[in-house]
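Take each chain as given, in its own frame, and dock them per the hints.
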Amino acid sequence: MNTETETVRQLCTFTVDGLLFGLDVTAVQEVLRPQEMTPVPLAPEVVRGLINLRGQIVTALDLRRRLGLGLAPRDQPAMNVVVRHDEGVVSLLVDEIGDVIEVDEATAEPLPETLLADARALIDGVYQLPERLLLVLDARRTSAAPAVEPDRKDTP
Amino acid sequence: MDDEALKEFVIEGREGLDQLDREFLALEADPTATGHIAIVFRTFHTIKGSAGFLGLGRLEKLAHAAENVLVELRDGRAQFTRDLATCLLAVVDRLRQSLTTLEASGVEGSEAHDDLIAWLGRIQGAERGAPEGQTAPATLPRASAPPNAAPSVAPSAETVSPAAAARPVPTAPAAVAPAEHATVAESNVRVDVGLLDRLMNIVGELVLVRNQIVQFGTHREDPAFAGAAQRLNLITTELQEQVMKTRMQPIGSVWSKLPRVVRDLAIACGKQVRVEMRGKETELDRTILDAIKDPLTHIVRNAVDHGLESPQARVDAKKPRTGTLVLRGYHEGGQVIVEVSDDGAGLDLNAIRRRAIERRLVTEEGAARLTAFELGQLVFLPGFSTAAKVTNLSGRGVGMDVVKSNVERIGGTVDLHSQPGQGTTVQIRIPLTLAIVPALVVHDAGQRFAIPQANLVELVHLEADSGAPGIEYVREAPVVRLRGQLVPIVTLRALFGAAPRRLDAAHGPINLVILQANDRRFALVVDEIRDTQEIVVKPLGKELKALSTFAGATIMGDGKVALILDVVGLAQQSGLARARGERAAAQVPGAPSGQVHEVEGSEHQTLLLFTVGGGSTLAVPLARVARLEDVHRERFERSGDRWVVQSRGELLPIISLVGPTTATPAELPVTAPVIVHSSGTRSIGFLVGSIVDVVNAAVAAERCNERRGLKGATVVHGRVTDLLDVDAVIAEQAPWFEREADA
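Heads up: the sequence lines are chains A and B, in that order.
Under this note's numbering, the first residue of the first sequence is numbered 1, with each subsequent residue one higher.
Under this note's numbering, the first residue of the second sequence is numbered 157, with each subsequent residue one higher.
Only chain B is shown next, with the shape it has when bound in the complex (with noise of 0.2 angstroms):
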């Protein structure tokens, strides 16, 4: 069993006790006041839940008793006497006396506190006038867990197997030391975390006031002075280190949890499991520990239904009976990293050779070239899973993709290692904290921007005589060719509004700043890079929130403030910014190598992405599109059955892809992008969500999808897009386009 968490519930047990011996003592004095009733019902409540997450079924049982008595009470079905106040007094006491053998021994007392619930019982017999009163005790739906489901010496190995019987447990000591209880109590306090968030703000303005001093200090020749700066120094960087240790928990915070999930699941599917945490001790930022929590818990999961062989065939496979998960915590490179790794049986590189080909991710020529790791990289696809049948525990094709999304949000990582027989292992690789973070500062479109080191992946100097490939321009889109790649460019400028400025390193070396936003890779250019430093980052007022393009604010080391530019937000708005340049041509690269699964028989082609009604995604060749155009929703006009918009001097018929055109366009956004279609002289839109990218894809040639107006398909970003039939749409929706482009 956790220590931690003991330790935690006992003290917070405690403080609800001792609130509760107040509490009863008010409701004696009065006893009509429900909001007493109330804190009570819920401390009892809190307590039972509580105990029971811990194993702990006595302390439960009782809780569990005495929470049903209140209920009456809440209802208003009994009344508030003395006899009733004495009975649940008795219960504060014995919860006491039992957290305090808890505290000492680590297990709950053996005793089965029957005595106390069965005068609950008579209690509530009595109050109600029924009859049952005597036989309450019998009646208390028993508690799911058998009391003490064998609480382990060792807290760091927990043996979890369904053979697992409940051992006895030994007596502790009647009586403990007092002292033992002032020790607990007195160690750790409980803090309001906005207090530890405004500590961290008045250290931060500490460190800028240090920094300045010291930098007077460089300019004094006073010996005194430059001691006491150099002190002064001293301090703020330990308090600095010690302030943000506050924000830290160990991960054995969350890892506490699994063992139990652990034991349910392999008594569910009759698997025998061993859980072993390895530096457990390992800090992390509390924002960081919660991100996790829901992704660990997937992995753990998954390592025991799919991971883990069944008894029998770990003994046929000469392993020992029981499978070992290994939970894995520790520092490197200024990262934490998170591995949960299994002795079982490996993936099925076979069965997920199959799904892919079902899924027609990959043909079966293109499956067998596939290496183990790239076929362990489709894992990490949506709704791709191997599991022979769904349970309800894992399986249901939401899983590693969901796990590999949650820890990215946070600027992490996630691989998968797998050996044949031998076991998986799952790394996740997360930044210590997220509230300081390494940042590169750059100076463009005259101010400076902080950049997360997390989304950096190099920089570029081009001068104009150093013989390397310069910018290109492919239409309107600069483009740089870095090492084969042509990775789009993004400029602050442009982005902001500001007139482009042509890129040519011949007027002056280029500095560009290669970052990577998920799958996306582009180049930002900026005037000047300046230094990576540790930021402390500060949320946005809400005024300014819905601002993608930056994730927030820092004060550098001047006092002044820098926006921190969020990388995924600056593509996302850098792909409308060149979408609306008409026609952008730049061409992308496809996903990183493992993402990509080439499609035998399969023609590349240029493809713009967009989306439509219900958010899926679809793509069009670029060949067919003519341009694009925000339109404004007003310029939207009826002209009997259908849709039009007046664009350059004729009228465009509209198409709409994201719902039926009787909408009205008050239903649009302010402005709603439209695919411009021509053929002949005669042009036509389709109006769509949202202009997504434009990708260089491998396009199957074969139909998969037999819905209407959609043919062939194509694998990007890891996603299966279908393509828009662009002649089928018409001939069913507009058919008259055709014959009037003929005429």
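Isolated chain A (complex conformation) (with noise of 0.2 angstroms):
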């Protein structure tokens, strides 16, 4: 039993544009239903706004356009996977919420070559469920949205 403990790990599981995603559920403070959302002019794509953490303004990442998949339809309401990191904490915007599972480590898989290509830097790991694929995101790496260009302009 203790040495199965060491290799289970406990993920927070939600979908992005049909795609399984896990994160650690010891890098998720909470989960939210859709917030109430201020957008901001000028920043980076990704950040889709501010949303109001009690009383914390909380940038709000749009995961889709992290993880360069499809647009959502633009009425389909968000739900915020809010994670820690170093200095804060984000929103990731995900499509809907899962269960919270548990894998084994030693069966991780790489990832498939024709999948995510634009965002494979971000998967810790492939695990392959009965029913479908789950990629684990890593915590930090996607909650960490590429900086802001200072007077971002586009080229004449």
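I should point out that these hints are in silico values taken from the structure, not numbers from a laboratory.
A couple of the hints might just be wrong.
To be verified - Distance condition first, Cα-Cα at most 25 angstroms in a straight line; then the derived DMTMM-like pairs of lysine to aspartate or glutamate: (1) B/Lys716 with A/Glu87; (2) B/Lys701 with A/Glu87; (3) B/Lys698 with A/Asp99; (4) B/Lys701 with A/Glu45; (5) B/Lys698 with A/Glu45; (6) B/Lys716 with A/Glu30; (7) B/Lys698 with A/Glu87.
Stated by the list, open to error - Residues of chain A placed beyond 10 angstroms of chain B at every Cβ, according to the derived structure: (8) Thr7; (9) Ile97; (10) Thr114.
Each residue gets a CB set at the ideal place from its N, CA and C atoms; glycine is no exception.
Written out as structure tokens, the structure reads:
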């Protein structure tokens, strides 16, 4: 029993664009229903806006854009997965929240070559579940948004 | 001596000593634990430093002696023995005793601690096996300050003069009632600032809930509920006030180190100065206190060094020998005002005039016309110092301009009033807090924004039939004429990259928010002006820190987030936006009066300001500029020994003003601004660092800078700015250009 617990990871799962993702439960502070969002003009595209998390202002990142997936239907409300990182928290916007599941680290598989060309660096491991593939994200890398280029301008 | 600082020293000292007890015991158990030695060393060092700072010479000496022994121990030259532990613990006990005396009487005891210092010396000598062990106390460096530099009885008025001899110290009662000890320790709790910030956050959240509950109450006809809501309202308000208070500190905590600064400086320049403090209990947010610490020190130094006269000169002027420096703090209109006044000679207006002429800021005739107030403003110009000689204390030319910019950074202002022969007063106005600021809430570009009121000048409402002058277009740039001044207009839509709408009051009323950013005034068009309210400023996440347009965000009464506009950032951004729109022609009004110095025999020109390598700003007459382009760095190509850019179907040769053209374009920013100059059918581009502004300024006809490629100079925003000589630069760097242009 003891030897087993060492290799078991608890993952908070959710779907984005039909794919099943997981984040280590220890990195996830909480999960919130769709929140009122204030857009930030001039911000990088991945920043969807700001939310009020009990008095704290939290940046919401669009996980679809972060992963280079297709855009969500405009009216689809996004769930918030609030992730702690070094300097605070960010909210990752996802489609649907799944269960907390356990996987055995020993069963991790390599990411299929064809999947997620833009976001391979964010994937920490892949697990074959009975029905579908689970992609585990690295919380730190995923929550670190690319820095804003000051005074971003389009090339004339 | 300052009560506050002493009290803090006593509290911190006790904590340190308690820790030392524990560390020594741990060391005795395991003499090789270097971690403990480091802690012990640090603690003694801190006590020594604080004691020295407070002028407690005896305490400092004792701690210093202990520290010397510990250095040996730390560096492995000595062993931790029981004898040493006993000795060090005795030192701890003695220090503790001194703190008790200090707390009770406000002065350190008269005991010299020579016995313990000698003991420490003996141990140090014995450990080394050196024979000089017995003489160690004599070789200890003397504390630099004479013991007890006149501890004053009245803490608010301390006389500092070179003549002040060490006064005999009243012998403190040998034993102090333990109850005294308890009072200080128990009435103060040191709290982590982070905890206070979190408390503030929670209270902010409670305020929002309170607002909602109170709103529900208005829809319900239930007196019991209304009563409860009312009580909740009152208690929340009170809680908010009290929690805000926890972040406040009296300004006296910053002033406390000034008497020492004044004392040292007065001795150094042979003056006698008395410091008076009035209103030192005036409270300010601690972040603001931090920000004004350095400017205040600077102003005080200036006052002693330049303001006050020597004792003899004062006697000759029928003034008391001892000059008075008054620090005053008070609240006025939601702001805190801090004044530093001296009763010295006042500003030497003639010296300022001469200096201004030397620096070619004004001509002699112009200088004669400047009023005392205008001359006073010149002191705030960078590098402007009238000090006859540069001392190591002040007069180095970095001074009041830094004070001004530091104070302005936190939304404050600096004023200077001077009466010849009577003295000088420097007045700083600062907001109470940076965490909670009054703001104007506006609606535009589909969302709400908060604008800090510190930057707000006025609100203007334009209607089609009001007969008031409306919005004009100078080329593509909208401007509004306000009392004869053309004020450039900024729209958030344009800034955010949306297609700008043509502004016309005939299509409906237009709301303008007139804002002041440093020396620049501009009008922000908004859809709607909502109201003013106190907002709690919260920082943006690190993902968004680089956005200069926003100063932060806040949570509005309805729980939604609103962005706070950074007015200075907005001005900078829109400056770029204007430049991007090719040949910005909006005539920005000159700097406010007192900062524009009319130069005789000059002509007014519209100038484009830009930066070059090394960060300096140059100007070029807008008439010589055909257009501005932002060129992506990948578009720079090599053609022979020249850099070229393809632009509008032709090859544009580039002269770099930011550095050697042989450098690779990879070192350029992603897009680099290029000023295009045309002659005949040919054009040439000047690669510059950035486009700063378009201003209307007087240009001196005379050549005052002998560097090649420059001609004439002007004063813009209070700075001397050189004019680029377009023809000379082309003749030197691209001689082929004129030939080809003529061809």
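Next on the checklist: B/Lys701 and A/Glu87 were given as a pair; does the straight-line alpha-carbon distance stay at or below 25 angstroms?
Outcome noted: holds (12 angstroms)
Checklist entry - Would the pair B/Lys701 and A/Glu45 pass a check requiring their Cα atoms to be no farther apart than 25 angstroms? => result holds (15 angstroms)
Item to check | Outside-interface status for A/Ile97 - nearest CB in chain B farther than 10 angstroms | outcome: holds (22 angstroms)
Next on the checklist: Can you confirm whether the C-alpha distance between B/Lys716 and A/Glu30 stays at or below 25 angstroms?
Outcome noted: With Cα atoms ~20 angstroms apart, B/Lys716 and A/Glu30 stay inside 25 angstroms; holds.
Next on the checklist: B/Lys698 and A/Glu87 were given as a pair; does the straight-line alpha-carbon distance stay at or below 25 angstroms?
Outcome noted: Holds, at about 8 angstroms.
Checklist entry - Straight-line Cα separation of B/Lys716 and A/Glu87 no greater than 25 angstroms? => result holds (23 angstroms)
Item to check | Verdict on A/Thr7 as a residue remote from chain B, using beta-carbon distances over 10 angstroms | outcome: holds (34 angstroms)
Checklist entry - Between B/Lys698 and A/Asp99, does the CA-CA distance stay at or below 25 angstroms? => result Given that 25 angstroms is the threshold and the Cα spacing comes to 30 angstroms, the pair is violated.
Checklist entry - Would the pair B/Lys698 and A/Glu45 pass a check requiring their Cα atoms to be no farther apart than 25 angstroms? => result holds (15 angstroms)
Next on the checklist: Beyond 10 angstroms on every Cβ pair: is that true for A/Thr114 relative to chain B?
Outcome noted: Its Cβ never comes within 10 angstroms of chain B, the nearest being 30 angstroms, so this holds.
Consistency with the previously given hints fails for number 3 only.
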